[in-house]
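Asks: Single-letter residue listing:
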Amino acid sequence: SQTIHQWPATLVQPVGSPLSLECTVEGTSNPNLYWYRQAAGRGLQLLFYSVGIGQISSEVPQNLSASRPQDRQFILSSKKLLLSDSGFYLCAWSVGSGGFDEQYFGPGTRLTVT
Amino acid sequence: QQQVKQSPQSLIVQKGGISIINCAYENTAFDYFPWYQQFPGKGPALLIAIRPDVSEKKEGRFTISFNKSAKQFSLHIMDSQPGDSATYFCAAYHSGYSTLTFGKGTMLLVSP
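Protein sequences appear in the order of chains F and R. Per the numbering used here, residue 1 is the first one in the first sequence, and the count goes up by one each step. Per the numbering used here, residue 1001 is the first one in the second sequence, and the count goes up by one each step.
Treat the hints as calculated values from the structure; they're not laboratory data. Hints are supplied without guarantee of correctness; some may be wrong.
[Claimed, not checked] Partner residues aside, some chain F positions facing chain R, computed with beta carbon under 7 Å:
no. : residue
1   : Ala-40
2   : Gly-54
3   : Asp-85
4   : Leu-90
5   : Glu-102
6   : Phe-105
7   : Gly-106
Every residue gets a Cβ at the ideal spot worked out from N, C-alpha and C, and that includes glycine.
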């Protein structure tokens, strides 16, 4: 069966510090991978998605970046965090079927920038 | 053109009642309309999804109604239970990009 892992579960970082959040998927090959941010009252905002190694699409211009160094690994990074980067970060995966590809979400990382 | 509008923001329903959440979209290129359920501190999970060529889909106590001409769809939870208390997100899926656009969510509380 497929599982998705995210770490860390919670993180408190000062403004201006770097960020690295990691997401890994087990039990599937060549998944589509997604990073979302969830802020209170704003729903889920798609930040990045990837259909393959090294292929990253950005949905929202910001000080965040994403990388996919391996097939089932997706990393969200920032060189300098802003207060507005606080939120609940969710990684998700899907497998392309040509129709509706259900996205499966990880447990999330709660980031607080102080 | 990518926006999905969801209402209400919050909803309180008595146990056994019907919960109704509404969504509207703009982009006619969307081709699936799922609903996700999220419990506090957890990631969302797919609840039910509908294609735009279907007007209604029912799974247990959960029903999606879809109005293509009005570009609106809704989730009905029949016989609502305290265990249904969660945040519900509607979404619109674009198969060309394999991406979801989410509404802002509805926090449902079912009182015992």
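Asks: Against the structure, test the hints numbered earlier, and report the numbers of the ones violated in rising order.
Replies: Violated hints: 1, 2, 3; rest satisfied.
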